[in-house]
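Mind docking chains B and C on chain A? Use the hints.
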Amino acid sequence: METYLYLTSVVGVYIGIGVFVVGMAWRIYQWSTTPKSPVRLGLFPKPATSTGRGLKMLKDTFVAPHSARIEPVMWGFAFAFHVAALAALIGHGRLVVEYTPLVRLLGGDGMSTFAAWSGGTAGIVMTVAVLFWIARRTYGPFKQLSVPEDYFLLFLLLGIIVMGNHMRFLGHVPVETYREWFQSLLVFRPVMPAEIANSNVGWSLGTHMLFVNVFLVYFPFSKLVHTIGAFSANLVRSE
Amino acid sequence: MSEDIKVDLELDLKGLLCPMPMVKVSQKIGDVPVGGVIRAVATDPGSMADIPAWAKSTGNEVLSAGKEGDEYVFLVKRAK
Amino acid sequence: MEPQQVDTLTGVLDKKMTRQLKQYLDICARCAICKDACHQYVATGDLTYLPARRAELIRQIYKKYFTKTGEFVPALYEARDPDESLLDELYESTYACTGCRRCMYYCPFSIDTAWILSVAKAILIAADRGNEMLGQLADAALMKSDNFDMFRDIILDGFKDIEGKVKEMTGDPSAEIPVDKEGADVLYVALAGAHSILPAAAIFHEAGTNWTLSMFESANYGYFFGDAEKARRIADRFMDEAKRLGVKEVVITECGHAYRVAQFFHEAWSGEKHPFKVRHILEVIDEYIRDGRITVRHGAITEPVTYHDPCQVGRNGGIFEQPRDIVRAIASDFRDMTPNREEQWCCGGGGGLVAIAEMEDFRLKSGAKKLEQVKATGARIIASPCENCRLQLEGLNDQLDLGLTVKPVMDLVVDAMEIRR
Numbered sequence: 001m002e003t004y005l006y007l008t009s010v011v012g013v014y015i016g017i018g019v020f021v022v023g024m025a026w027r028i029y030q031w032s033t034t035p036k037s038p039v040r041l042g043l044f045p046k047p048a049t050s051t052g053r054g055l056k057m058l059k060d061t062f063v064a065p066h067s068a069r070i071e072p073v074m075w076g077f078a079f080a081f082h083v084a085a086l087a088a089l090i091g092h093g094r095l096v097v098e099y100t101p102l103v104r105l106l107g108g109d110g111m112s113t114f115a116a117w118s119g120g121t122a123g124i125v126m127t128v129a130v131l132f133w134i135a136r137r138t139y140g141p142f143k144q145l146s147v148p149e150d151y152f153l154l155f156l157l158l159g160i161i162v163m164g165n166h167m168r169f170l171g172h173v174p175v176e177t178y179r180e181w182f183q184s185l186l187v188f189r190p191v192m193p194a195e196i197a198n199s200n201v202g203w204s205l206g207t208h209m210l211f212v213n214v215f216l217v218y219f220p221f222s223k224l225v226h227t228i229g230a231f232s233a234n235l236v237r238s239e
Numbered sequence: 240m241s242e243d244i245k246v247d248l249e250l251d252l253k254g255l256l257c258p259m260p261m262v263k264v265s266q267k268i269g270d271v272p273v274g275g276v277i278r279a280v281a282t283d284p285g286s287m288a289d290i291p292a293w294a295k296s297t298g299n300e301v302l303s304a305g306k307e308g309d310e311y312v313f314l315v316k317r318a319k
Numbered sequence: 320m321e322p323q324q325v326d327t328l329t330g331v332l333d334k335k336m337t338r339q340l341k342q343y344l345d346i347c348a349r350c351a352i353c354k355d356a357c358h359q360y361v362a363t364g365d366l367t368y369l370p371a372r373r374a375e376l377i378r379q380i381y382k383k384y385f386t387k388t389g390e391f392v393p394a395l396y397e398a399r400d401p402d403e404s405l406l407d408e409l410y411e412s413t414y415a416c417t418g419c420r421r422c423m424y425y426c427p428f429s430i431d432t433a434w435i436l437s438v439a440k441a442i443l444i445a446a447d448r449g450n451e452m453l454g455q456l457a458d459a460a461l462m463k464s465d466n467f468d469m470f471r472d473i474i475l476d477g478f479k480d481i482e483g484k485v486k487e488m489t490g491d492p493s494a495e496i497p498v499d500k501e502g503a504d505v506l507y508v509a510l511a512g513a514h515s516i517l518p519a520a521a522i523f524h525e526a527g528t529n530w531t532l533s534m535f536e537s538a539n540y541g542y543f544f545g546d547a548e549k550a551r552r553i554a555d556r557f558m559d560e561a562k563r564l565g566v567k568e569v570v571i572t573e574c575g576h577a578y579r580v581a582q583f584f585h586e587a588w589s590g591e592k593h594p595f596k597v598r599h600i601l602e603v604i605d606e607y608i609r610d611g612r613i614t615v616r617h618g619a620i621t622e623p624v625t626y627h628d629p630c631q632v633g634r635n636g637g638i639f640e641q642p643r644d645i646v647r648a649i650a651s652d653f654r655d656m657t658p659n660r661e662e663q664w665c666c667g668g669g670g671g672l673v674a675i676a677e678m679e680d681f682r683l684k685s686g687a688k689k690l691e692q693v694k695a696t697g698a699r700i701i702a703s704p705c706e707n708c709r710l711q712l713e714g715l716n717d718q719l720d721l722g723l724t725v726k727p728v729m730d731l732v733v734d735a736m737e738i739r740r
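Chains as they are written, first to last, in the numbering used here: chain A, 1 to 239; chain B, 240 to 319; chain C, 320 to 740.
With the rest of the complex left out, here is chain A (with noise of 0.2 angstroms):
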């Protein structure tokens, strides 16, 4: 176990990490270094001032409003997740730093309590949805558009979330120990606490983390790019 855990929540997290953020930026610098085409592709009716368009961009990509009209069910699913993974990142925030003003507003128990909602929300928000999407590439006439990397991607994110809500559910670490580990990496002197490699979450917690590596490395290569390109597109569609 403590092998296990050394390679995907020690190494592992700085491979990930690293090719992640390498990648990302390398695809920027790609798109950046890309000639733009002097043909304007806006769609009517658009903004009249660069301000008007900036906003109306920012709307585009964080509610899609003409995505909802179209496919509401759909529209639903993928904004559901989408707040759903905001929020679970937000919370995993607390590795890093307790959200101290929020526990003075709640209390330490109080604070568990949120976490445990939230957070086990947040867990089943994305289980539904990610098995929506598998559901609907499997069983929907779009079998024939998917490609391995479709399935792959949320088979990935399948698991990632499993073992997260596995942790929230079934495991019973407190968030000091994971601290601990995790501000352990910030800082490149690693340390795993025996209590995680000794309770019921060490392999859902290596297990997840070997996911969420391989997710940070694959991302840069994969149609989740989607995450910052669209704010672009969504700008050439108002130009």
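Treat the hints loosely; a few may be bogus.
Said to hold, decoys possible - One-sided excerpt, in silico: chain C residues whose CB lies under 10 angstroms from chain B: (1) Glu-591; (2) Leu-690; (3) Gln-692.
To be verified - Rough simulated footprint, nothing fancy, chain C against chain B, three-plus residues with beta-carbon under 8 angstroms: (4) 259-267; (5) 274-288; (6) 294-306.
Hints are computed from structural coordinates only; laboratory data are not their basis. C-beta: ideal position from N, C-alpha, C; glycine also.
Just chains B and C now, with coordinates in the frame of chain A:
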């Protein structure tokens, strides 16, 4: 008009608006054998330039193009 | 597949690679939200016409030849060579697209499938698989300008015939169709057909406009064919004429793609700013009515009228209200379709499809959504300022014997215009 030319296909393009007469001649030219002739009658004056321009660019031959009353009559020979 | 052929085709993709295209190819999530946006996919349920699938064919080449991951693990992306089977599929899905960009409107990332397909057309042309008919029509247009001496008199004779009709229509023997007139304010660029010249000439005459008619038609089959160079040269014919005559504005007839080419593409293609404005004829007519330069009789048409937004005029051209204002000024019973304006359904006639005989059945079938919309309004007259739309709408009307009348908006104006004698 040369009456002695054998016409392989008559095309009634009356009422069609340009560029459709040219489009129709172009679509139908494959229906006559090489060396065959289409006689096309159009009513849009634009066809007077369109059809010869199409023929010249595709290497086909307009044997004659002329106005007869309100109609524009073309004899187009398939060259290849 | 010959390595040399692969080099040629990937070379085209490389040459056409722009930031927009690269992002579109990188970010599509294949979520298929576009499926309900495309009238062709909705009407046929055929994957060939699913917008994301059309673009996916180019993405498969891109992944294999332009990305390391696709080069090493092609199976992950189903990346493949631009071989015969891919080109067959590409031809089907690309030349079928009308370029309406409804899929772009609904896409969460605003991916412009039509833009990707314009690159697909360049690849097909390089593989000698460009659509033959559209190519012929593009060449015929250039033939006219390259051998202008040969065609000049024929074209002028045609204009003379139309001029006679303008005199009849306006009841003014001095009414004329000015050609090659230096110092004119407006260069009007029509289609080859008299129907696009006659009503505009009458309207310009009544409005007292200092105008001149272009020797060349605005229709641009080079654009539909997908050869940017030819498309530019076809548009150059009247853009150069406008420069030479020193006009203040170029006014494009009731044609969708010609307006978009003139307004949005030509400057980018030629790398020069126009020394004149470009407007659509309906913007001009709307202004004439508002300024009282022409008068139309409200209630001149009592039958219910609807208006079809051509994609290239509306969603892709930004002209939504002027045509409606004109129709409302004339018809006592105007009924808009649902949805309309930027969400309107493509009629299925764009992209040069009306010129491709073998696509006729498919094209009419793809008009199902438009037909539903038109029927729901109960209108008897459909006004639409695009030749391709009108041909398609007429085709649908004839096929089902609906007894509707399809007209350019200009024709309604002329019918309702009070001629000052």
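- Using 10 angstroms as the Cβ threshold, decide whether Leu-690/C counts as touching chain B. violated, 21 angstroms
- Message: So is the segment 274-288 of chain B in contact with chain C by the C-beta rule, three or more residues under 8 angstroms, or is the coverage claim wrong?
- Response: As far as the segment 274-288 of chain B goes, the hint holds, because 6 residues have Cβ atoms under 8 angstroms from chain C.
- Message: Count the residues of the segment 259-267 of chain B whose Cβ falls closer than 8 angstroms to any Cβ of chain C, and tell me whether that reaches three.
- Response: Holds: 5 residues of the segment 259-267 of chain B have a Cβ under 8 angstroms from chain C.
- Task: May I ask you to test the interface hint for Glu-591/C with respect to chain B, counting a Cβ-Cβ separation under 10 angstroms as satisfied?
- Result: violated, 27 angstroms
- Query: Can we keep the Gln-692/C interface hint, with Cβ of chain B closer than 10 angstroms?
  - Reply: Given a least distance of 24 angstroms, the restraint on Gln-692/C is violated.
- Task: Count residues of the segment 294-306 of chain B with a Cβ under 8 angstroms from any Cβ of chain C, then say if the count reaches three.
- Result: Our answer is that it holds, as 3 residues pass the Cβ test (under 8 angstroms) against chain C, meeting three.
Checked against the numbered hints given earlier, the structure breaks hints 1, 2 and 3 and satisfies all the rest.
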